Amino acid sequence: MNAHSNLLSWILWMPMIGVLGVLLLPKTKETAIRVWSLINTVITLVLSGCLYMKFDNTVPGMQEMFTIKHSWISQFNIFYHLGIDGISLPMVLLTSLLFAICILSSWTVKKQVKGYFALLLMLQSTVYGVFLSMDFFLFYVYWEVMLIPMFFLIGIWGGENREYAAVKFFLYTFFGSILMLVGMVALYFVTGQGVDSFNILALSGGKFVNETVNIFGMALPFAKVFFVALFIGFAIKVPVFPFHTWLPHAHVQAPTAISVILAGVLLKMGTYGFLRIAFPIFPSASVYFADAIAWLGLINVIYGAFCAMAQTDVKKLVAYSSVSHMGFVMLGLAAMTVQGMNGAVLQMFNHGTSTAMMFLLIGILYERSHHRWIVRPDGTKGFGGLYTQLPKFSIVFIIAMFASMGLPGLSGFISEALIFLGIYNRFTTITVLAVIGLLLGAAYLLWMFKRMFFGEVIEENKSYTDMNAREIFYMVPLCIAVILFGIWPSPLLDMMKASVGKLVSLLATF
Amino acid sequence: MALNYLASISHYIPELLVCFTMGALILIEATYGNDEKGSSKNMFYWGSMLGLLCALIYQVKGLGIEPTQIFTKSLVIDHFSGFAKIVMILSTAGVIYLSKISKDLYEGTKAEYTILAMGVLVGGMLLASANNMLLFYLGIETLSLLSYAMAALKKNDERSTEAGLKYVLYGGVTAGMMLFGMSHIFGVLGTINFSELMPMLTTLSTEQTAILIPSFLLFFVGIGYKISCVPFHMWSPDVYEGSPLPVTAFFSLVPKFAGIVAFARLTQVFFGGDVGVLKDSWLVLLSIVAALTMTVGNVSAIGQRSIKRMLAFSSISHAGVMMLGAIVLGKSGWTAILFYSVTYLFMTLVAFYVASFIQDHYGNDHIDRFSGLIKKHPAMAIAMAITMFSLAGLPPLSGFVAKFNILAAIIDKKFYVLAVITALNSVISLYYYMKVVRVMVLKDAESDEQIGGLGFVNQLVIGAYTLPVVLLGIFWQKLIALANGALLLIK
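Protein chains in written order, with our numbering: chain A, 1 to 510; chain B, 1001 to 1491.
In case anyone wonders, no lab produced these hints; they're calculated from the structure. Keep in mind the model is a prediction, meaning the values are calculated, not measured. Check before you lean on any hint, since a few could be wrong.
Stated by the list, open to error - The calculated DSBU-like cross-link candidates involving lysine-lysine, where the alpha carbons are at most 35 Å apart (straight line), are:
hint: 1; chain 1: B; residue 1: Lys1443; chain 2: A; residue 2: Lys27
hint: 2; chain 1: A; residue 1: Lys114; chain 2: B; residue 2: Lys1375
hint: 3; chain 1: B; residue 1: Lys1375; chain 2: A; residue 2: Lys111
hint: 4; chain 1: A; residue 1: Lys111; chain 2: B; residue 2: Lys1376
hint: 5; chain 1: B; residue 1: Lys1443; chain 2: A; residue 2: Lys69
Said to hold, decoys possible - Just the calculated beta-carbon pair ranges, DEER-fashion:
hint: 6; chain 1: A; residue 1: Lys54; chain 2: B; residue 2: Leu1471; range: 32 to 38 Å
hint: 7; chain 1: B; residue 1: Gly1455; chain 2: A; residue 2: Leu23; range: 22 to 28 Å
hint: 8; chain 1: B; residue 1: Leu1471; chain 2: A; residue 2: Val42; range: 31 to 37 Å
hint: 9; chain 1: A; residue 1: Glu459; chain 2: B; residue 2: Glu1449; range: 44 to 50 Å
hint: 10; chain 1: B; residue 1: Leu1016; chain 2: A; residue 2: Lys27; range: 52 to 58 Å
hint: 11; chain 1: A; residue 1: Lys29; chain 2: B; residue 2: Glu1162; range: 51 to 57 Å
Heads up, the beta-carbon is just placed ideally off N, CA and C, and yes, glycines get one too.
Given these sequences and hints, build the entire structure.
The structure is reproduced here in C-alpha cells:
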C-alpha cells in the first residue's frame, strides 16, 4: 500500500459522487447543478493528471503502484480489480478531458437539467470502469451498465427520431455483449475455476491454444470460436462493418455532448476491448484472423468514406467519417507490429480529440441554425458563406477538419502514418487500397467545407452569432491537443510504447 | 431410516402452521356476517400474515437441521426444499398484501383469495418435498384444484370464468396423462418411492427401458404443464389474462416455483445416476423443450399490448431459463435455480404491484397506460424501470446475476449451444421490457392527471421490493452461499 494505491478508485468513483450531489440538489437550481458537475469533472481531470504524472513510462504492462484488488464474489473468484497500463492511460486521459468539455458544452441544455447531468456523470463513471477493470466480470458489468445512461441520454434529450435510435443502439450493443458474456463464462470454466479465472492478466498469454470445444459433436478449436464471440461483441461497439448500422442513427439523434462522448470515447471501448481482452487472451486466434480483421478494417475505411460522401446532413457525414477512421484503427490492430499497434492506440486518442471537435462545432452551429443540412431535401443550400459570417468558428472548424483529414502537422497524420508504416509489409494490397480512403476523406471534408463556408452568404445565415467565450474556452484545449500531438506526439507515444510492445511481442510468438 | 410419526411431524411444522392458519381464516370468515366484514378485514390480514410469519420462522430454523425423510420416506425435508418453501411463503405474503390493496378483486372475494392462496401454498410445499409419486401427484392436485378456483374468482366476469374453466380442462387432462405415466412406471418397477426407484433404473432390461421412455414422457407432461413449458404453455397467457391481477401475480410465483423445484428433484432422482439411454433421451428432450420455452415465450411477449399478458409470456421464458438449471444435474444448477427464484420473486412482485396500481387507476393494463409515468409518479416509474432492466438481465441488477448463474452452470457442462440460445433470448426479452421503460420515460403522458391511491405505505412496500432487485445484483455473495448450502438430498 502506498499513497497512490487508491487513485484509480477515486477516478472511478468521483463521477458517482457527482451523481449523488446532482441528485441532492433541488431541480430548480439549474446553475448549481451545472457548476457542481463541472467542478466534479475538473476534479476527475486533475486526478487523471496526477495519474499521468506518477505514471512510469518504462514499465510494460500494469503499474504495480496503482493496482487495486479486493475480493467481491469469492464463489466465482470475482474481484474488484483495477489497474492501468500504457494502453488504458491515454483512454482515461481522453475520457477525463472530453467529459469536462462536454459538461461545458451542455450548459445550454434546458430540458430536465438534473436528470441530464446525473446521467452524464454516471456514464463517465462506467466508461472509467471499462478502461480500468482488470477483472473480466467487472469489465463486463461496466460495459453493460454504460448502456442504461446512454439509452436515456439519447432517448430523452435526442432529436426527432431519438426513440428509434436509442432502442437500436441499446439492442445492438446488448446483442454483442451478451455473446461476450458466453465467451467470458466459457473461459472461466476452461481455466479450471482457479483463483484468477476472471483475471484478464492471468488469462492472457495464449493458454487456450490446444483446447477444443464440442458443438453438435464437432470438436472446434476453443480459441477461435470464442475469439469470434468476443470479436462480435467488440466489433459492434467499434463499429466494424457490417455491425455499424446503429451508429449513424445514434449519432444523428444524440444531443451534441453525447455524440462527442459516443465518437470520442465509446467507440474506443471496442478497439480497447481487442487490445485488452481479445488479443492477449487469444493470441493464436488473433493471428489466425488477422487477415479477416484487416479486410474488415479496409471495408470500414472505404465504405465509411463513400457513405460520408453521400450525406447531406453534416452530422451524419461526420458520423460516417468516424466509421472510416475507426477502420484505420482496425488496420493498425490487424498489423500486429509495433508501429501499427502504436499507430492504432494513437489514432484512438487522436480521433477522440478531432472528432469531438467536429461534433462540438456542429452542435454550436445547430444551436444557431436548428438544422444541419448541407443541402436541404428540397435542393436549396442549408449553409453558405459561413466563413465571412463566423470567422472564429471557421478557424476552429478548419483545424478540426484538417486534423480529421490527416494533414501533416496535425494529430491525425502521425497516427495514420504510423498505421500505414505498420501494415505495409504485411498487407501491401490493403495498404494501397486504404490510401484511397484518405483521398476520399479529403474529398468529402473539403467538399462539405466548400459548400458550407464559401460562396454567397444565404439570408438566414446572416443572423448567426460567432462563438462566445464559453464555446471558445472549451475548444481551446482540444485545438492545443490536436496541434501539439501533431508536432510532438512523443508524450503520448512514450506512454503507450512499453505496453504496446509487450502485446506485440506476445502476438509475435504465435 | 424411517422416523416415527411424532418425529416426522416435528419436521412438518411449517406446513401444519399454514394449514392451521387456513383453518383459522375460514373460521374468521364464517364468524363475521357480511356487514361486519369491513371491520374484520384487518384482523383477517394480520392473521394470515402472522401464520405465514410463524411458518417462515420455522422454515428458516429448519434450514439448520440435517436432511431427513419423513412419513415412511414419502417426504424429504432437505435444504433445497426448505429454501424453496421460504421463497414460496414470502411470495404468498407478497401477493396477499397485493390482494388487499388491489381493486381488481371484489371487496367481498378478498377473504376467499387469502384462504385459497394458503391452500395452494400447502400444495406447493408438499410438491417441493415429495419423495414418492403419490405425494407428488397429491401436491400437484392440491395446488391445481385451488388454483382453478382462484382463476375464476371474479365470478361475474366472463373472462375470469373462462380462465378457470380453461385451467380445469387443461389441468385435468394433463394430470390424467401423468397418472397414466406413473402407473406405467409402477407397473414396470413395482414401487412408487423415488428412493427405491433410483437404483432400479441402472439395471433395466431393454424392454423395460422401451416402456419407461414413453412413461417418463407422460410423467413430464404433468409437470411441464405446471411450469407451463412449451408445448404445454398455451393455457397460461389466457388464464393469466382472465384471472384477477393478484391471482396472476400469485400464479407466476408459487405454482411455478413449486413446479420447478419438483422438476429439478425429479430429474436428479431419476437421471442423476448413470442410466444410459433413458438419461440421454430425457436430457435431449429437456434441452429442446427449454430452448423452445424460452424462445416461444419471448417471441410471443413482443407483440402483447396488455402488461399482464406480456408478463405471462415472459414468465414462460423465465421458466425455460430455470429449467436449464435442472438439466445441469448438479449443485451449480440447483444453486442457480434457487438464486433465480429469489430474484424472480422480487422482480415479479414489483412488476405486478406497479401494474396493479396502473390498472386500478385506468381500468385496464395496456402498456400505453404507462406513458409518461416518470412525470406523474417518478418513484413508481423508477422502480418499474429497474425491474424491467433486471428482468432483461442487465447488470448490476439481480436479474443479471441470476442469468449469469444459470449460464455459468450450463456452460460448465459444456452446453454451449443452449448458452448461446439463452443469451440471444435475453436480447429479445430486452426489446419488450425496454418497451415498458420507453413508454414510461420517453413518451408524453396522455393527461396531466396525477395517479393517486399510492399512499406512503404502498410506496414503502414497492421500495422494499425494489431494493433487493438492486442489492442482490451487487452483493450476491451471501445469497449464493446460502443457496449453495441448500444441498439436495436424494436417498
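Right, here's what the structure says about each hint:
1. B:Lys1443 / A:Lys27: 21 Å, holds
2. A:Lys114 / B:Lys1375: Status holds; Cα separation ~14 Å.
3. B:Lys1375 / A:Lys111: Holds, at roughly 13 Å.
4. A:Lys111 / B:Lys1376: 17 Å, holds
5. B:Lys1443 / A:Lys69: 43 Å, violated
6. A:Lys54 / B:Leu1471: 32 to 38 Å: 35 Å, holds
7. B:Gly1455 / A:Leu23: 22 to 28 Å: The hint (22 to 28 Å, Cβ to Cβ) holds, given that Gly1455 of chain B and Leu23 of chain A are roughly 24 Å apart.
8. B:Leu1471 / A:Val42: 31 to 37 Å: Given range 31 to 37 Å: holds, Cβ gap about 32 Å.
9. A:Glu459 / B:Glu1449: 44 to 50 Å: Holds: the Cβ-Cβ distance is about 46 Å, inside 44 to 50 Å.
10. B:Leu1016 / A:Lys27: 52 to 58 Å: 54 Å, holds
11. A:Lys29 / B:Glu1162: 51 to 57 Å: Hint holds: Cβ distance 55 Å, inside 51 to 57 Å.
Going down the numbered hints, you'll see the structure goes against just number 5.
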